[in-house]
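Participant: Read off the chains here:
2 protein chains.
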Amino acid sequence: MENSGACQGLTRPIRCIVKLGGAAITCKNELEKINEENLGTVSSQLRQAMSSGPDSQKILGMDWSKRPGESELCCDVGGFDDQISCDSSNFVVVHGAGSFGHFQASKSGVHKGGLDKSLVKAGFVATRISVTNLNLEIVRALAAAGIPSVGMSPFSCGWLTSERNLESADLSMVVKAIESGFVPVLHGDAVLDSQLGCTILSGDVIIKHLAAYLKPEYVIFLTDVFGVYDRPPSEPEAVLLREIAVTEEGSWSVVKPNYGSTNKPVEITVAAHDTTGGMVTKIAEAAMIAKLGIDVYIVKAATSHSQRALSGEIRRGSIPDDWLGTVIKFAGKPAQH
Amino acid sequence: MENSGACQGLTRPIRCIVKLGGAAITCKNELEKINEENLGTVSSQLRQAMSSGPDSQKILGMDWSKRPGESELCCDVGGFDDQISCDSSNFVVVHGAGSFGHFQASKSGVHKGGLDKSLVKAGFVATRISVTNLNLEIVRALAAAGIPSVGMSPFSCGWLTSERNLESADLSMVVKAIESGFVPVLHGDAVLDSQLGCTILSGDVIIKHLAAYLKPEYVIFLTDVFGVYDRPPSEPEAVLLREIAVTEEGSWSVVKPNYGSTNKPVEITVAAHDTTGGMVTKIAEAAMIAKLGIDVYIVKAATSHSQRALSGEIRRGSIPDDWLGTVIKFAGKPAQH
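Chains as they are written, first to last, in the UniProt record's numbering: chain F, 1 to 337; chain A, 1 to 337.
Chain F extracted, bound-state conformation (with noise of 0.2 Å):
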């Protein structure tokens, strides 16, 4: 299956979808807390991605909101002066909930609906204060790096399960937004399903049908890891892969580092590793989206390897032997044997 061009509705193609894990973006082990350096990168990445003219130029920041313990709001508005609004590709950003929402939903159970329940109503109600919390605190990173973001929860814009599958969407908004040029940040959210009441709804699910309905050019995972591994990256003797193949029946096998001729697919170690969706999860999502011909690079957020695959320099030609990262692509049908 090859892509077969942008999405109705949408007068310039999508360029890229970039999911900002929440592993990146958040602080593991702490509760509730941004990883400030690590958006603060990532967001200016993203500016020097998606605008075409010279890296001097000003930025523009975005965020007026008032700082902690000042008085005065923060806005430049003179540097807008006159100024046409330049053309920037268009992007569009999910994030994942990391240390945002997690306890909340798992405390109550939102996952597994039922919201006849005070605790799991109450779940609910709690999860989306973390998690539209989050989307605000990476709009206001975004913005003040001279992105137009604008938030829209799932929850809000009519994402719908049915027994935990995505049932419905309605992506009308995110395209007049993307066409009005602004980019559109979702995040992982507290939905209502119509057979168990409620459920949580995964970036990587908004991901999945964001890219099969817009059509990007290509997808970015940005991560806290340098790709996919063999087996758990904290293991010694881990071996990035360097680069996958999707075959049209979704099935998947390892192209890069060359594992010989034998054809046989790397056994990946997945135990332990995948009990949280882990690296098999991860590659049969990637999968799913590298089978509608849009290349996936799974890569370390905020390091040159991220700025490297942003920018589109990965896309464009072979993989550089120095730019780590996974890529995931659609091989065409399998070889008849």
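These aren't lab readings, by the way, just hints derived from the structure by calculation.
All values reported here derive from a predicted model rather than from experimental measurement.
Check each hint, because a few of them may be wrong.
Same chains, same names: a pair is fine if it fits in one copy or spans any two.
[Stated by the list, open to error] Within a straight-line C-alpha distance of at most 27 Å, the following computed DSSO-like cross-link-like pairs (lysine-lysine) qualify:
| id | residue 1 | residue 2 |
| --- | --- | --- |
| 1 | 117 | 256 |
| 2 | 291 | 112 |
| 3 | 66 | 208 |
| 4 | 256 | 215 |
| 5 | 117 | 291 |
| 6 | 291 | 208 |
| 7 | 112 | 256 |
Since the structure of chain F is provided, determine the placement of chain A on it from the hints.
Facilitator: Coordinates of chain A only, in the frame set by chain F:
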């Protein structure tokens, strides 16, 4: 025109749409500052009005976010044990912007449109950040008081204008949220405009549209004064208008205090008072809702008067003499002359 019952899709009618006026819940003279005391009282009054059970029932807070300076999240999950979520009356909350958003919107001219100008685009982003920040804080305050509140931004819910007039609004998610037992919290927002590119959608326009569609029993505007006066309330001779009757044609007259049998409408001093959408505008907006057969109460927030209005007491009988506020009612067809 009579209130012909609840809207399609709702199994139980909406009891009340409440407008939290920006002036009542934020500090007028300080940018982006919430009036915590008022907001806390309003939230607790709302919860009491919604719950059918005794007041002594334990309040189960639904904001489990981390408090500043603490490392643990705040959640008394034990309190929810096995409790069946009790049905609360259907309420919808809409809030204004007060000292949030106005600075960003007016500095950039978002209401005038023109997204091709970088200042307007940045102002749109900055305005949305400010008003969604306020929305999050209000949702948190309501949740902390035990109200299952969910934030729903008009921009992302698909509210669109055409030359500043509401063109379309997808209320399906608002209805679904209410049906699932939640209290949607909407707000004045920056939205896309099919002619101008963008503009500001006010909380009052949102209320009017919601009232026409959801057909609540009554609508309450919580403000920072006791109601509508015949001249600026700061003037010593200002008289509180207790009851205003609206005809089918939308014209209105003061019923109480009784200005004699001359039928001469009271002269309302508007000049300076009306420049920022003052009392005549407020009466005109309220009259459009009352014309639908929906009683409107304009009352001072966080007082015993707002508590009585929220509880439905004013709705059930004649207006008590010791109740301060303005009631705007449909009077049926005007008498023939």
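Participant: Indicate, hint by hint, whether the structure satisfies it.
Facilitator: Right, here's what the structure says about each hint:
In this assembly of identical chains, residue 117 and residue 256 lie within 27 Å of each other by CA distance neither inside one copy nor across copies; the values are 50 Å within and 47 Å between. In this homomeric assembly, residue 291 and residue 112 never come within 27 Å of each other (Cα to Cα): the closest approach is 30 Å inside a single copy and 45 Å across copies. Neither within a single protomer nor between protomers do residue 66 and residue 208 lie at most 27 Å apart by alpha-carbon distance, with minima of 36 Å and 31 Å respectively. In this assembly of identical chains, the alpha carbons of residue 256 and residue 215 lie at most 27 Å apart only when taken from the same copy (26 Å versus 63 Å across copies).
For a Cα distance limit of 27 Å, the shortest separation of residue 117 from residue 291 qualifies neither inside one copy, at 41 Å, nor across copies, at 39 Å. In this assembly of identical chains, the alpha carbons of residue 291 and residue 208 lie at most 27 Å apart only when taken from the same copy (11 Å versus 47 Å across copies). In this assembly of identical chains, residue 112 and residue 256 lie within 27 Å of each other by CA distance neither inside one copy nor across copies; the values are 40 Å within and 55 Å between.
In terms of the numbered hints stated before, the structure departs from hints 1, 2, 3, 5, 7, listed from lowest to highest.
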